[in-house]
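Asker: Sequence:
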Amino acid sequence: MFGEDTSSKLRERWPVMLKKKIIQQCIKLLSTSELEELLLAADPPEDGTEVDVDFVKQIIEHAIVVTGWDSDLSSVLLLLHLIPPSAQGRKRPGKVSASQAEKPLVVFKKTGTNIPEHLDAIPTRAQPYVLAVGVKKNAIHQFFIILDKNAIPCRSTSSLGAFDELFKAHFVFGTSYNIMLHNMYTFIQTTVYNIDVGKVKESPCVSVRA
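In my numbering, the protein residues as written are 16 to 225.
A hint or two may mislead.
Said to hold, decoys possible - Cross-link-like lysine-lysine pairs, in silico, DSS-like; alpha carbons within 30 Å at most: (1) K110 x K43; (2) K118 x K152; (3) K183 x K35; (4) K152 x K36; (5) K124 x K183; (6) K110 x K164.
It should be emphasised that the hints constitute simulated quantities derived from the structure, not laboratory data. Owing to the predicted nature of the structure, the values given are computational and were not obtained by experimental measurement.
From just these sequences and the hints, can you work out the full model?
Answerer: Set out below in structure tokens:
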């Protein structure tokens, strides 16, 4: 399934195609402090670049402190704003926010965290997620895939590479997607990797598919 041509699709297509489209679409969404922080982290203004004054005012008004993830992972998390998270499997689950859906995708722990203690606190049937260990969210020195109370070190040292390994882990270990992340993972599966296109139920199309 993940042959040589398929395996590198996310890392090749995300930086040059998908990332920019996702940011452009998210700029059109109803503004929230969480969304603005992700947008600023995903596409930080370069030195000497003219900055949108209204955008800066919004940051000040919402007291946004950009201490979040790096550019690539922030753009991945923006997908949770574009593609609504799935409601959990309860009779009246209510709406799931993008911030709630982030938690089963990636968890940050500071350098020096006792990993075995973290693993002991995980529910037995938790779906796989990325554990990012570093001095702060945008300065990670090691990524792990957490699965069945095991910490599997990622080969990649980049956040995009770690997310790529997380997605593939579902197929390698035969585990289902976390229900809240099902829509996002299905988008990655069909749009990036072209796996089972037309065979799986997808969320409503968004412009980044083009």
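Asker: For the pair supplied as a hint, K110 and K164, is the alpha-carbon distance within the 30 Å limit?
Answerer: Status holds; Cα separation ~29 Å.
Asker: Take a quick look at whether K152 and K36 sit within 30 Å of each other, Cα to Cα.
Answerer: holds, 24 Å
Asker: Can you confirm whether the C-alpha distance between K110 and K43 stays at or below 30 Å?
Answerer: With Cα atoms ~21 Å apart, K110 and K43 stay inside 30 Å; holds.
Asker: Would you mind confirming whether the straight-line C-alpha gap from K124 to K183 stays at or under 30 Å?
Answerer: With Cα atoms ~23 Å apart, K124 and K183 stay inside 30 Å; holds.
Asker: Given the hint that K183 pairs with K35, does the C-alpha gap stay at or below 30 Å?
Answerer: holds, 23 Å
Asker: Check the hint pairing K118 with K152 against an upper bound of 30 Å on the C-alpha distance.
Answerer: Roughly 14 Å separates the two Cα atoms, so the pair holds.
Checked against the numbered hints given earlier, this structure breaks none of them.
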